[in-house]
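For the protein sequence lines, the chains are A and B, in the order given.
Using this note's numbering, the letters of the first sequence correspond one by one to residues 1 to 111.
Using this note's numbering, the letters of the second sequence correspond one by one to residues 1 to 112.
To be clear, the hints were calculated from the coordinates, so they are not data collected in a lab.
Take the hints with a grain of salt, since some may be wrong.
Over 12 Å on every C-beta distance to chain A, these chain B residues come out as not near it, computed from the model [claimed, not checked]:
hint : residue
1    : GLY16
2    : LYS24
3    : GLY28
4    : PRO61
5    : ASN71
6    : GLN80
7    : THR110
8    : VAL111
Partner residues aside, some chain A positions facing chain B, computed with beta carbon under 7 Å [what the hints assert, rightly or not]:
hint : residue
9    : ARG43
10   : LEU44
11   : LEU46
12   : GLU97
13   : LYS98
14   : PHE101
15   : LYS103
16   : GLY104
Mimicking DSS-like on lysine-lysine, the simulated pairs with C-alpha atoms at most 30 Å apart in a straight line are [claimed, not checked]:
hint : chain 1 : residue 1 : chain 2 : residue 2
17   : B       : LYS78     : A       : LYS98
18   : A       : LYS103    : A       : LYS65
19   : A       : LYS98     : B       : LYS68
Note that CB positions come from ideal geometry on N, CA and C, so glycine has one too.
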Amino acid sequence: AQRVTQPEKLLSVFKGAPVELKCNYSYSGSPELFWYVQYSRQRLQLLLRHISRESIKGFTADLNKGETSFHLKKPFAQEEDSAMYYCALRGTQGGSEKLVFGKGTKLTVNP
Amino acid sequence: DAGVIQSPRHEVTEMGQEVTLRCKPISGHDYLFWYRQTMMRGLELLIYFNNNVPIDDSGMPEDRFSAKMPNASFSTLKIQPSEPRDSAVYFCASSYEGNEQFFGPGTRLTVL
Chain A
1 AQRVTQPEKL LSVFKGAPVE LKCNYSYSGS PELFWYVQYS RQRLQLLLRH ISRESIKGFT
61 ADLNKGETSF HLKKPFAQEE DSAMYYCALR GTQGGSEKLV FGKGTKLTVN P
Chain B
1 DAGVIQSPRH EVTEMGQEVT LRCKPISGHD YLFWYRQTMM RGLELLIYFN NNVPIDDSGM
61 PEDRFSAKMP NASFSTLKIQ PSEPRDSAVY FCASSYEGNE QFFGPGTRLT VL
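My request is simple: use the sequences and hints to build the entire structure.
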């Protein structure tokens with residue numbers, strides 16, 4: 001079964017502090033992992049995906065197959081990073097295109 | 001392109017009434033997804049289509065829910081009869097060849 005767990009519903013940090021949003025997954029094969037973000041009054045949008053191995057808005061995420069994790073990190077949080085963050089998994093077996101989302105973490109960056 | 005378009009943006013109805021949510025995907029996209037978002041369960045996939053054909057409806061909660069995609073530019077999600085526990089935000093998303101999913105603004109449904 002495919003499952004994505006985001007253990008923190010809420011996360012609050014101060015501006016300039018490092019931030020890490022945790023994501024763990026359960027999947028028997030090699031999944032594709034994504035982070036989606038929803039800013040206030042905006043649409044849910046893709047932030048980054050593990051296969052591109054890029055940094056977006058200062059965020060990075062590394063797929064750790066041993067720990068089945070895909071934590072999202074940023075060394076210096078900014079107030080504009082305050083948003084709802086969702087980790088998502090897509091299986092690579094059977095040609096399925098469905099995404100399984102975690103329940104999300106609401107990040108608040110305080111001034 | 002205006003992106004994925006959903007209507008209505010807000011819907012308030014009474015228990016037992018039929019509710020129809022509408023979605024227009026991005027032109028050229030061949031996948032369309034319907035999601036439901038609640039505080040308790042987060043974002044759940046209800047059903048998705050490929051080239052207008054339903055591929056996976058395992059997330060549809062029960063027979064009261066149905067979805068159609070009569071053509072490449074339009075899809076509906078219908079709830080009949082609606083119940084208070086159906087209150088949620090319903091999102092539609094589309095993608096091309098299974099790449100990045102683009103989400104609509106959502107429809108906030110309240111069933112009294």
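Consistency of the hints with the structure:
1. GLY16: holds (30 Å)
2. LYS24: Given that every Cβ of chain A is farther than 12 Å from that of LYS24 (chain B), nearest at about 14 Å, it holds.
3. GLY28: Non-interface label on GLY28 (chain B) holds, nearest chain A Cβ at 16 Å vs cutoff 12 Å.
4. PRO61: Correct as stated: the minimum Cβ-Cβ distance to chain A is 16 Å, above 12 Å.
5. ASN71: holds (20 Å)
6. GLN80: holds (25 Å)
7. THR110: The assertion about THR110 (chain B) holds, with a minimum of 18 Å to chain A.
8. VAL111: VAL111 (chain B) clear of chain A: closest Cβ-Cβ about 22 Å, beyond 12 Å.
9. ARG43: holds (5 Å)
10. LEU44: holds (4 Å)
11. LEU46: Holds - the Cβ of LEU46 (chain A) comes within 7 Å of chain B, reaching about 5 Å at its closest.
12. GLU97: holds (4 Å)
13. LYS98: holds (5 Å)
14. PHE101: Check passed: Cβ of PHE101 (chain A) comes within 4 Å of chain B, closer than 7 Å.
15. LYS103: Because about 3 Å separates LYS103 (chain A) from the closest Cβ in chain B, which is inside the 7 Å limit, the hint holds.
16. GLY104: Because about 6 Å separates GLY104 (chain A) from the closest Cβ in chain B, which is inside the 7 Å limit, the hint holds.
17. B:LYS78 / A:LYS98: holds (21 Å)
18. A:LYS103 / A:LYS65: Satisfied, since the Cα-Cα distance of roughly 21 Å is no more than 30 Å.
19. A:LYS98 / B:LYS68: holds (17 Å)
In terms of the numbered hints stated before, the structure departs from none.
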